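Following the hints, complete the assembly by docking chain Z onto the known chain E.
Respectively, the protein sequence lines represent chains E and Z.
1 is the number of the first residue of the first sequence in the numbering used here; add one for each residue after it.
703 is the number of the first residue of the second sequence in the numbering used here; add one for each residue after it.
These are computed hints drawn from the structure, not numbers from a lab.
No experiment lies behind these values; they were computed from the predicted model shown.
Think of the CB as a built atom: it goes at the ideal place given N, C-alpha and C, for glycine as much as any other residue.
Some hints could be false.
[Said to hold, decoys possible] Covered stretches of chain Z, as calculated for chain E (at least 3 residues, CB under 8 angstroms):
#1 707 to 720
#2 738 to 752
#3 772 to 784
[To be verified] Derived BS3-like pairs (lysine-lysine); straight-line CA-CA distance at most 25 angstroms:
#4 K776/Z <-> K270/E
#5 K329/E <-> K279/E
#6 K267/E <-> K257/E
#7 K267/E <-> K470/E
#8 K365/E <-> K641/E
#9 K311/E <-> K300/E
#10 K776/Z <-> K13/E
#11 K715/Z <-> K44/E
#12 K332/E <-> K300/E
#13 K470/E <-> K306/E
#14 K776/Z <-> K44/E
#15 K329/E <-> K290/E
#16 K715/Z <-> K9/E
#17 K311/E <-> K329/E
Read off the chains here:
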Amino acid sequence: MFGNEKQSKSEFKQGLNKVYTWYTGGFVSFVILLAILEQVGMPKAWIGYSFLAATVLLYAGIGVMSRTNDAAEYYVAGRRVPALYNGMATGADWMSAASFIGMAGTLYLTGYGGLAFILGWTGGYCLVALFLAPYLRKFGQFTIPDFLGARYEGHLPRLIGVFAAILCSFTYVVAQIYGVGLITARLTGLAFEVGIFAGLIGILVCSFLGGMRAVTWTQVAQYIILIIAYLLPVVWLSVKHTGVPIPQAVYGYTLEKVSAKEEQLLKDPKELEVRGIYKARSDAAVEKLKDVPGSMAADKAAAEKKVEELKASNGRLADIQAAEAAVGKLPKDEAAARAAYTAARTSNAARSNPPVRHAEPFPGKDDAARDIARKNFMALVFCLMIGTAALPHILMRYYTVPSVREARESVSWSLFFIFLLYFTAPALAVLAKFEVYTVLVNTPFANLPEWIARWSSVDASLLSVVDVNKDGILQLAEISIGGDIIVLATPEIGGLPYVVSGMVAAGGLAAALSTADGLLLTIANALSHDLYYKVLDPNASTARRVLVSKMLLLVVALAAAYVAAQKPADILFLVSAAFSFAAAAFFPALTLGIFWKRANKWGASLGMVAGLGVTFYYMVTTQPWLYKLTHGVAITPEIAKANTWWDIAPISAGLFGVPLGFAVIIIVSLLTKAPGRDIQDLVEHVRYPSLDGKTSAGSAAH
Amino acid sequence: MQLTARHQEYWSKNLRITALLLGIWFFVTFVLVFYARSLTFNFFGWPFSFWVAGQGALVVYCLIIWYYAHYMNKLDIEYGVSEGEE
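Excised from the complex, chain E in its bound form (with noise of 0.2 angstroms):
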């Protein structure tokens, strides 16, 4: 079904319009299905078990039926992947589960300071387009680093770009598996560790069989599930506030109320109340931090005392239970409690803030601030543009269509499938937004929907809601909401049927897999074709190859589900850290290697581990889990005041590592010896199409 080589272009493309079509419509009569069920009574349980099981199902299915040995077929899927379906692969291999669950969380969140994501991500394509995609397809290989080896002439460079693949591709495969527990956790009810493993069946079986064959068959199949998931909801919403179906036309006017209410709220009496308390615990913390110890005791001696007066008093049971428990959950030793102190400083503070206005860009307390917010800002959208031009998931399914007018074509596709999703992402942000300060907030908190407490019980640090001021009602402030949740319990927020969230999440899933699949691979063609073949054992036979990749993949995935079960960071940031270093080590080296002649070995080596060492160093300074990672403790504002430079944020450390590259690319280039003859017309060979009118069939069997 997904091609072999007999068959003729064009009869290749019309047999996979056939399968598709019929795949989505019947995908979208399994929710109608499962919408007459879910009217009738089917449970809601079995509702987010049907979507689990059908989706993995469908996609080890495809899986088995593109399984293969071949290496071709295997790294690079036989190259003849039609613009408009690699372009629907890359959309899928490129929206994860930070795109899917956690941008429009963001938006929520940050208004305007989350557009840095949307046009970061959708503006680095045209990096990809202008600098990339058609060189690299008329070279023609297999992998990123096999374009390092033959351009820069050697195993260093093709080494360090192994490392660099696996480095960036590893931090993002972690959060992906990441996003599988979470959604895995929420569709069945199991435990967050089962559904990272339950999930990782689903990306193992696809590319494992397969490799990119499989791959990108599965990925066009859940972009397809992941897109409608994405837009119903919306859309839906968007009829429900403004009566047309468009809703990225006309959230502008919604985004006027929720202005408008949010001018409200900044002024309202009973907020500013529950700010203010939050503020007074903040304030408390950082004075037990001046005197750590002394602090301890007088906490144990005030819990201690609670517990007396609770038994004295004939107290009700629960209450001298939870008083008994709060004694035994006080920090054991000196170091503990400073910890505490510390979170419980920054958590309160962040929570005595003012809501940020959605529309304004750059919030800040004076123009200082400001000027900060707007330089983050820019630095930002610079490291998400250059690192999406820089990551090797990415930039290999490029490797895998017919010629280099479709690799053009297809970056074209690519974007304008992903710009369906991200065009749309800031209206659901907005409406989204509409209905928690409409609906939810000033509601009695005897009233409040089901979902609540259904949200709080999967992570109490996704959704909690408490009475702070007790006066029974719930006031904006008081809600504690994870950007990651947004998405998902969007229609639950729109009050829309359960199916919608079943499907939502399903889309959530195949939006994190699809990513998964794509970043596993890469890891285990870094290791077994780059690694494996050309350094250790360049006599190994096709079949041994792709077996060692096999193994690898399995090897890499329970590794990335080990890490993510210990629920790192946020997703958002292990996505960011990761296109900063693809930013730092393959962009210069990449583009310069296409774009001048001159650079050579040394001058990409350096260039390379260069920028990669100034973001990891810059990272590992000033970002809170990282720095307690390798410092053993945790980081203060001091701390980390300190060790910033020029107030960026370490979210952008490619900011400083881009540039480095280059600059130590061109002058060390410069310092050394040129590159040879056969270089300059490897550069020459790919800059044209074409020089003697044949195809490029790049070396397929190689």
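Here is chain Z on its own, set in the frame of chain E:
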């Protein structure tokens, strides 16, 4: 292999269109964002700068890539460097 003058011309045309499109990309991305705080006039309900970053720029990016593919595919044929059919 030795490049002809036509080959050189093809490459410089490629560089020219790349630079032009990159200029547009830069303007939409960084120049408009830099002045975002001043560009907040009402644009069909949105403040203009919010609309640009959320919707407008994305449309421009799509057009840039589409135009590049269209232009280059035509240029390939014009300069005889296009790939033959399989």
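Going down the list of hints, with the structure as the test:
1. For a cut-off of 8 angstroms, the count of residues in the stretch 707 to 720 of chain Z with a CB near a CB of chain E stands at 5, and the three-residue condition holds.
2. Proximity of the stretch 738 to 752 of chain Z to chain E, defined as three or more residues with a beta carbon under 8 angstroms from a beta carbon of that chain, is established by the 10 residues found.
3. Proximity of the stretch 772 to 784 of chain Z to chain E, defined as three or more residues with a beta carbon under 8 angstroms from a beta carbon of that chain, is established by the 6 residues found.
4. A distance of roughly 64 angstroms separates the Cα atoms of K776/Z and K270/E; the hinted pair therefore is violated under the 25 angstroms criterion.
5. Taking the CA atoms of K329/E and K279/E, the gap is near 23 angstroms; set against the 25 angstroms cutoff, the hint holds.
6. Distance restraint check for K267/E and K257/E: the Cα-Cα separation of roughly 16 angstroms lies within the 25 angstroms cut-off, and the hinted pair is therefore satisfied.
7. Proximity of K267/E to K470/E is assessed by CA-CA distance (about 19 angstroms); at most 25 angstroms being required, the pair is judged to hold.
8. Restraint check: the Cα-Cα separation between K365/E and K641/E comes to about 18 angstroms, which is no more than 25 angstroms; the hinted pair holds.
9. Between K311/E and K300/E the alpha-carbon distance is near 17 angstroms, which keeps this suggested pair within the 25 angstroms criterion.
10. The suggested pairing of K776/Z with K13/E holds, with an alpha-carbon distance near 23 angstroms, which does not exceed 25 angstroms.
11. At most 25 angstroms may separate the alpha-carbon atoms for a hinted pair to count; K715/Z and K44/E exceed this at roughly 60 angstroms.
12. As the CA atoms of K332/E and K300/E are separated by approximately 10 angstroms, the hinted pair is consistent with the 25 angstroms bound.
13. The straight-line distance between the Cα atoms of K470/E and K306/E is roughly 19 angstroms, inside the 25 angstroms bound, and the hint therefore holds.
14. Between K776/Z and K44/E the alpha-carbon distance is near 55 angstroms, which puts this suggested pair outside the 25 angstroms criterion.
15. Simply put, K329/E and K290/E have alpha-carbon atoms about 21 angstroms apart, close enough for the 25 angstroms limit, and the pair holds.
16. Taking the CA atoms of K715/Z and K9/E, the gap is about 31 angstroms. The hint is violated against a cut of 25 angstroms.
17. In summary, the hint linking K311/E to K329/E is supported, as the alpha carbons are separated by about 19 angstroms, within the 25 angstroms threshold.
Checked against the numbered hints above, the structure breaks hints 4, 11, 14 and 16 and satisfies the rest.
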